[in-house]
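The primary structure of each chain is shown beneath.
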Amino acid sequence: MDIIITGLITGSMLALLAISFSLIFGVARIVNIAHTAFYMVASYCIYSLSAKGGLNPVAGMLIAVGGVTILGLLAYRFLIDPIREHEAAVLIATIALAMIFQEGVMLIYTGDYRTVSPLIEGFFVVAGVKVFYQQVLTFAVVLVILALLWLLLMKTKLGLAVRSTAEDREVANLMGMNESRLAMITMGLAVALAGFTGAVIAPLAVLSPFMWMEPLIMMMAVVVLGGLGSIKGSFVAAYILGFTEALVVFLIPKGAFLKGSVALSIMILVLLLRPEGLFGISFEEER
Amino acid sequence: MKRLNVLRVVLLASLLIIVMGFPAWARTIKIGVIGPMNFVQGKGHWNGAIMAAEEINAKGGVQVGSEKMKIELVKADSNEFLNVTDATNAMERLMTQDKVDFVVGGFRTEAVLPMQDIAMDYKKIFIGCGAATKSLCDRVAENYGRYKYWFRGTPFNDHYLVRTSFSHLALAGAAIKSELKIPVKCAIVAEKATWTEGMVKAAEATIPKMGFELVGVWRPSPVATDVTAELSAIQKSGANLIFTIFSSSVGITFARQAGELKIPAFQVGINVEAQKDGFWEATKGMGNYVFTMNTYARGVEANELTRPFVDGYIKRFGEVPTYTADTYSAILHSLVPAIEAVKSLDADKLVAFMENREYLSPSGKVKLEKDAQGRPTHDLTWGPGYLTSLGVQWQDGKLVAVWPNKWKAAPTAPEVTYKGMVPIKLPPWMKK
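Chains X and F are the protein sequences, given in the same order.
Note that the numbering used here has the first sequence beginning at 19, numbered continuously upward.
Note that the numbering used here has the second sequence beginning at 1499, numbered continuously upward.
Keep in mind that the hints were calculated from the coordinates and are not lab data.
Just so we're clear, the structure is a prediction, and the values are computed from it rather than from any experiment.
Note that CB positions come from ideal geometry on N, CA and C, so glycine has one too.
The list that follows gives simulated cross-link-like pairs (lysine-lysine, DSS-like), each with its CA atoms no further than 30 Å apart:
no. : chain 1 : residue 1 : chain 2 : residue 2
1   : F       : Lys1813   : F       : Lys1863
2   : F       : Lys1690   : X       : Lys148
3   : F       : Lys1865   : F       : Lys1622
4   : X       : Lys272    : F       : Lys1690
5   : X       : Lys272    : F       : Lys1675
6   : F       : Lys1896   : X       : Lys148
7   : F       : Lys1847   : F       : Lys1566
8   : F       : Lys1679   : X       : Lys148
9   : F       : Lys1896   : X       : Lys70
10  : F       : Lys1734   : F       : Lys1760
11  : X       : Lys70     : F       : Lys1782
12  : F       : Lys1896   : F       : Lys1679
13  : X       : Lys272    : F       : Lys1782
14  : F       : Lys1707   : X       : Lys272
15  : F       : Lys1813   : F       : Lys1573
Simulated DEER-style distance windows between Cβ atoms:
no. : chain 1 : residue 1 : chain 2 : residue 2 : range
16  : F       : Tyr1857   : X       : Lys70     : 38 to 46 Å
17  : X       : Ile22     : F       : Glu1695   : 28 to 36 Å
18  : F       : Thr1583   : X       : Leu161    : 36 to 44 Å
19  : X       : Glu294    : F       : Glu1590   : 42 to 50 Å
20  : X       : Ile110    : F       : Asp1619   : 29 to 37 Å
21  : F       : Arg1644   : X       : Met19     : 52 to 60 Å
22  : F       : Pro1612   : X       : Val143    : 43 to 51 Å
23  : F       : Pro1806   : X       : Met19     : 49 to 57 Å
24  : F       : Ile1680   : X       : Met19     : 21 to 29 Å
Going by beta-carbon spacing under 10 Å, a handful of chain X positions derived as facing chain F:
no. : residue
25  : Ile27
26  : Gly129
27  : Gly146
28  : Val147
29  : Gln152
30  : Pro233
31  : Phe268
32  : Leu276
Using the sequences provided together with the hints, build the complete structure.
Listed below in structure tokens is the structure:
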């Protein structure tokens, strides 16, 4: 039961980050290394607004998500869009962006660890396992956001445009969809999702300027395992790796620090057997 | 015309003499302070050094033979939490660009080991004020010619850290047995880092000999952001005592989540984050009853130097000094008296003097050890009458000292109680 609950919680957090990352990669072919850095910035915004500014936590979170989304759009417009055709340059530029965010946060807040109060304090017991209310809230929010995302992608014109562009950029362009504008909207959506992740994870985490690095690696592992650009794949892979981490901690207590390494090893194993990932499409030069 | 030329030559010569002599007038003793300056550990390094330098310079400086020289501090950010290469670069800069005379500081063993090598390459005295690994001083004994310029300033080495921790565990175990009337089941939770390896091994061997049942060992990442899985497993194991060995953010995460989940176990050990005034806020009050080793606490005196230093530090910086602020003692009580005694900045002469000294520092009496073969290690002596550190506990928002309180290192050893001790408290949810 411990493993199930821990796996679900960890998997949910990874799913939210990975799906938003997959979205922007699927549509605009942008490998946004700064993705988890946006989540870090959102967490610090929430800290500033609620813990320091005394604002209502929910209001603080909404403002933080909005602010980070605007930041993401500006970053896209002025940094990523001009070099979008050069994927290697985008990769390096987003690494640089992440480092800038990190150093900026370090200058303002120093490296001292910060925490944010949970939205709901306390815990309850299920099958002998203690679970934080905040963890359940996180899980519920993830499911709601995923449901909303599904509705957006499946039931709206915008969603149709996003899916079409993800499938074949050039044909979508020929059909009259403004691929560049869609990429920008998707970037905004992806960064907003990263911001939401910061909002729900911040009360559970310890904030530091380097907190974006660890989830980045796991998020990339999830995305690659699930198949680059596949949202369904990211969802499934997130829970696979989340459960893997939980298994490691419970079955190998002395090796709890290895949970990330074991999860990555599983990713490598799957890729050896299926290089495109669980739900990915084999890469072609033109799609 | 001829007279004018002679005048010009005389003026030029005078100017030359003045310029050449100028460095001698403005000559200072340059001390590099190296540490992770964006973190509280590095800030402690710098703040302690500043206090020492200001105190010395206010009295006119250091008497070096017939010359009075002021202390000039050079700040170097090692960034060692993130990148060891940054630390070594910072040390190289201190050596080659800043050309410091001495270095104090360092924190993470992984960074201090290469930094030590660099300082030894340049034969500069380096007083370590943060890393506990014993091997840093073993190097001095094994290769004295090269490593003799290294001295440990703080803390005492990991072998003594774990011995002190066992004393703390004994205190906590006795409280559990007497108040709860149950056998002690101990879990070890140690972050996965170089400095904890030896301590974990020693703990695994010793805890059963203390009459406690060892129920498991957990090794989370030093920067783990969620330890609920570990806490669930620990609770399932029936542990009522958790021996913690943390130096990084996992100390906050663990304390907070254990407090929130009301895990019925007493956390005792080393939790560097719990040594800081900001711990209460960081855990949102959930770190209540966490017990950790510390060097300083409000209102506690190891000797007559303790309160002036601690109170002065609190007045100046608004918080209790962490152990890394012992750069204060490294400069004021170790380096400067040595320089004044040998009347020189010569590293070899200073080493010969420093390694045989006994002196008082705010945390206790300092005496440097020799190993079993009689070789100098430049390591700190631990025990009653020397350095023991403190055991502190968070009790309702206050960090109070609970050890040494009628403590005996051995049955025949003298009892030690520092001024300002209060009784230990078990978490009330353990009593349900």
